[in-house]
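Visitor: Sequence:
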Amino acid sequence: MGYIDVVLKLSKHIEEEVCNTQNCWVLRRYYRFRSSKNYGGSAVGDVVGCNLSCAYCWCKKINAKPWGGSYELPQNVVEKLLSIARAKKYKVVRLSGGEPTLCFNHLVQVINLFGYRRNKEEVFILETNGLLIGLNEDLSTKLKPYSRFLIVRVSLKGCTEEDFKTITGLGSSVYDNQIKAIENLSIKGIPYIVAVPVSLCSKQGFSKLLEVLSRRIGEHVLSALEQEVLILYPFIVKDICRKKLKPWIAYDPIEKKKVMGDELNGFLKKRC
Numbered sequence: 001m002g003y004i005d006v007v008l009k010l011s012k013h014i015e016e017e018v019c020n021t022q023n024c025w026v027l028r029r030y031y032r033f034r035s036s037k038n039y040g041g042s043a044v045g046d047v048v049g050c051n052l053s054c055a056y057c058w059c060k061k062i063n064a065k066p067w068g069g070s071y072e073l074p075q076n077v078v079e080k081l082l083s084i085a086r087a088k089k090y091k092v093v094r095l096s097g098g099e100p101t102l103c104f105n106h107l108v109q110v111i112n113l114f115g116y117r118r119n120k121e122e123v124f125i126l127e128t129n130g131l132l133i134g135l136n137e138d139l140s141t142k143l144k145p146y147s148r149f150l151i152v153r154v155s156l157k158g159c160t161e162e163d164f165k166t167i168t169g170l171g172s173s174v175y176d177n178q179i180k181a182i183e184n185l186s187i188k189g190i191p192y193i194v195a196v197p198v199s200l201c202s203k204q205g206f207s208k209l210l211e212v213l214s215r216r217i218g219e220h221v222l223s224a225l226e227q228e229v230l231i232l233y234p235f236i237v238k239d240i241c242r243k244k245l246k247p248w249i250a251y252d253p254i255e256k257k258k259v260m261g262d263e264l265n266g267f268l269k270k271r272c
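Numbering (UniProt numbering), first residue to last: 1 to 272.
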């Protein structure tokens with residue numbers, strides 16, 4: 001079985017745990033709804049279940065138990081997100097946590113209902129690893145009608161195929177589907193953000209990524225890049241030590257500052 005087959009099989013298995021139906025509605029498991037300071041303030045629905053297990057995932061324990069959380073109807077999801085956003089006067093709602101493109105019909109129902117309920121300034125950010133969008137172009141086609149208010153944030157798992165293999169444990173052949181997802185979104189005219197885990201990318205790897213993105217999608221993609229810095233939560237430090245990852249820059253949530261160089265090396269040496 002190839003690595004792509006592994007991803008598809010795992011995705012199907014997770015969907016069996018986290019998706020349900022009620023009449024014409026598709027329900028999805030969520031473990032919380034919250035407010036966040038990201039994007040200038042946003043309301044977040046954290047879904048349960050993912051088809052990757054990344055070394056630095058902040059919700060790995062939640063995703064390891066896909067039977068957890070509670071099933072939510074699409075209309076309840078939209079109501080909770082908008083209630084948080086409007087109480088805080090935020091203009092952004094988003095889905096995060098696990099992989100929101102699992103239970104894809106639920107996702108489309110949520111986005112569609114949000115489109116009816118939103119105010120003119122409110123936008124929806126879909127945070128995804130992009131694998132399923134890269135593997136199935138039909139998914140980006142189904143998202144296209146919402147491009148007026150939808151932004152898809154594709155979180156790359158490394159700058160190169162080798163990075164991807166180290167971070168996810170999957171074969172490097174799967175990595176290209178993340179790039180393909182960005183291609184599909186670009187072709188369909190859907191706004192996107194490309195989140196790059198710069199903490200774990202070498203200068204050469206980052207340069208290679210920029211070259212690949214520019215060649216396959218166009219130089220305009222460079223304006224959509226977002227640099228993602230590793231956050232040194234204790235459980236994440238434990239995982240990156242176990243996998244012998246060596247970030248060159250990170251964020252210390254206790255000291256509330258970025259650390260790099262000798263300071264970061266000393267931090268990791270004490271804990272690894």
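Hints may be right or wrong, so weigh each one.
As the list claims (entries may be wrong) - Simulated crosslink set (DMTMM-like; lysine to aspartate or glutamate; CA at most 25 Å straight-line):
#: 1; residue 1: LYS203; residue 2: GLU137
#: 2; residue 1: LYS9; residue 2: GLU211
#: 3; residue 1: LYS144; residue 2: GLU161
Claimed, not checked - Listed next, with one range per pair, are the computed distances between beta-carbon atoms:
#: 4; residue 1: SER214; residue 2: ALA87; range: 40 to 48 Å
#: 5; residue 1: GLY266; residue 2: HIS13; range: 25 to 33 Å
#: 6; residue 1: ARG148; residue 2: LYS89; range: 15 to 23 Å
#: 7; residue 1: PHE267; residue 2: ASP176; range: 32 to 40 Å
#: 8; residue 1: ASP262; residue 2: GLY218; range: 34 to 42 Å
#: 9; residue 1: ASN119; residue 2: VAL6; range: 18 to 26 Å
Since the hints were made in silico from the structure, they are not lab data.
Even for Gly, the Cβ is constructed at its ideal location relative to N, Cα and C.
Visitor: Take the hints in turn and mark each one as holding or not.
Guide: A quick look at each hint next to the structure:
1. LYS203 to GLU137: violated, 31 Å
2. LYS9 to GLU211: Roughly 32 Å separates the two Cα atoms, so the pair is violated.
3. LYS144 to GLU161: violated, 28 Å
4. SER214 to ALA87: 40 to 48 Å: holds, 42 Å
5. GLY266 to HIS13: 25 to 33 Å: violated, 42 Å
6. ARG148 to LYS89: 15 to 23 Å: holds, 21 Å
7. PHE267 to ASP176: 32 to 40 Å: holds, 34 Å
8. ASP262 to GLY218: 34 to 42 Å: Roughly 39 Å apart at Cβ, these two residues keep to the hinted range, so it holds.
9. ASN119 to VAL6: 18 to 26 Å: violated, 42 Å
When each numbered hint is compared with the structure, violations occur for hints 1, 2, 3, 5, 9.
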